[in-house]
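Colleague: Since the structure of chain V is already known, use the hints to place chain R on it.
2 protein chains.
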Amino acid sequence: MGFWKSLFSNPDTVSSSEKTKKEEETLDRRIGARADENRIVLSTDREIDLYDLEQLCDAVGWSRRPLHKVNKAIQHSFIVVSMWEVRGASKRLIGFARATSDCAFNATIWDVVIHPDSQSKGLGKALMKYLIKKLRREDISNITLFADAQVVEFYQRLGFIEDPEGIKGMFWYPD
Amino acid sequence: MGFWKSLFSNPDTVSSSEKTKKEEETLDRRIGARADENRIVLSTDREIDLYDLEQLCDAVGWSRRPLHKVNKAIQHSFIVVSMWEVRGASKRLIGFARATSDCAFNATIWDVVIHPDSQSKGLGKALMKYLIKKLRREDISNITLFADAQVVEFYQRLGFIEDPEGIKGMFWYPD
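If you read the protein sequences in the order shown, they are chains V and R. Here my numbering is used: the first residue of the first sequence is 1, the next is one more, and so on. Here my numbering is used: the first residue of the second sequence is 176, the next is one more, and so on.
Excised from the complex, chain V in its bound form (with noise of 0.2 Å):
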């Protein structure tokens, strides 16, 4: 029932002929939405079922991960943003991230997917920014991430800036 909670209570909807406008535009018209609206809906209830996010990882080609480690993650992420789209009475998962922070200064933004039926609709720049500005609100300044090479560009033309002042992104992984 989180989804629909999250809906009807407080949702962000978006026409999906609308994506492209400014956000306050379209989380206005969330409640004029007709029940045969074909509508994207974003959301920060953490309430996912599981195997719908495995569906769209399993979609980008991701390896696949433990579910109650996937769990344990959303659960302890600072922000959890989903994406639907709803027709009717039906809903369908077809965008996520989330983000860790410190609550204080700085976030790093994790897991982001769009569903490749959705992709190159503007869908991914609309769940940046949601995330973004959800962010912005809790006072975060330092928004972080680290960019696959084919999609630095999609998030350079979001303000994100590759190597600020020749910072580098490290990892470290287990031998």
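Worth flagging that the hints you see were computed from the coordinates, not collected in a lab. The structure presented is a predicted model; accordingly, all values stated were derived computationally and were not measured. Just to be clear, a hint being listed does not mean it is correct.
Restraint-style ranges between C-beta atoms, simulated for each label pair [what the hints assert, rightly or not]:
#1 R:D224 x V:G61: 46 to 54 Å
#2 V:R65 x R:H251: 19 to 27 Å
#3 V:N71 x R:G263: 29 to 37 Å
#4 V:K72 x R:R239: 30 to 38 Å
#5 R:L225 x V:R136: 20 to 28 Å
#6 V:N38 x R:L225: 32 to 40 Å
#7 V:Y51 x R:G263: 55 to 63 Å
#8 V:K69 x R:K304: 20 to 28 Å
#9 V:D49 x R:R239: 31 to 39 Å
Ideal placement from N, C-alpha and C gives every residue a C-beta, glycine not left out.
Modeller: For chain R alone, kept in the frame of chain V given last:
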């Protein structure tokens, strides 16, 4: 009392002359240290005097940050590590680092600092190894950080890899 509780109940004490030896050895020494011995103590206790921490950050030239936000960041970090120089009953904060995490997959290390008087003695390496060990004990496999250009080599020597497979660290700042 947080520090002393940590020091005597669950400390990781490193004799400064032995800091380059294997961590397991140094941990074994924590009970046997004499009261007049100059010791280096690592702790995960979060009860750090914020003015001590500010003084440490001042010493390396970092910009000052509001203490209430520093405190919030410490409380919401996944792990906080402090390093102390202890002689008899006196102690001095000489090192600090912390990490945010989703408690499952990823951790990001922030605010790594060693007092200038204590640099070039292997203490930064000891601090980082201790932090990595703590993260690994929590089954975190993806340990990340954003390194200023001048410390990239330091982290490389610890096993951190810069931009693995073309992954880029990216930052978003408010306008």
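Colleague: Taking the hints in turn, state whether each one holds.
Modeller: Cross-check of the supplied hints:
1. R:D224 x V:G61: 46 to 54 Å: 49 Å Cβ-Cβ, so the 46 to 54 Å window holds.
2. V:R65 x R:H251: 19 to 27 Å: 24 Å, holds
3. V:N71 x R:G263: 29 to 37 Å: 49 Å, violated
4. V:K72 x R:R239: 30 to 38 Å: 35 Å, holds
5. R:L225 x V:R136: 20 to 28 Å: With a Cβ separation near 25 Å, L225 of chain R and R136 of chain V satisfy 20 to 28 Å, so the hint holds.
6. V:N38 x R:L225: 32 to 40 Å: 52 Å, violated
7. V:Y51 x R:G263: 55 to 63 Å: This hint holds: roughly 59 Å between Cβ atoms.
8. V:K69 x R:K304: 20 to 28 Å: At roughly 25 Å between Cβ atoms, K304 of chain R and K69 of chain V fall inside 20 to 28 Å, so the hint holds.
9. V:D49 x R:R239: 31 to 39 Å: Since the Cβ atoms of D49 of chain V and R239 of chain R sit about 45 Å apart, the hinted range of 31 to 39 Å is violated.
Hint check: violations occur at hints 3, 6, 9; the rest are consistent with the structure.
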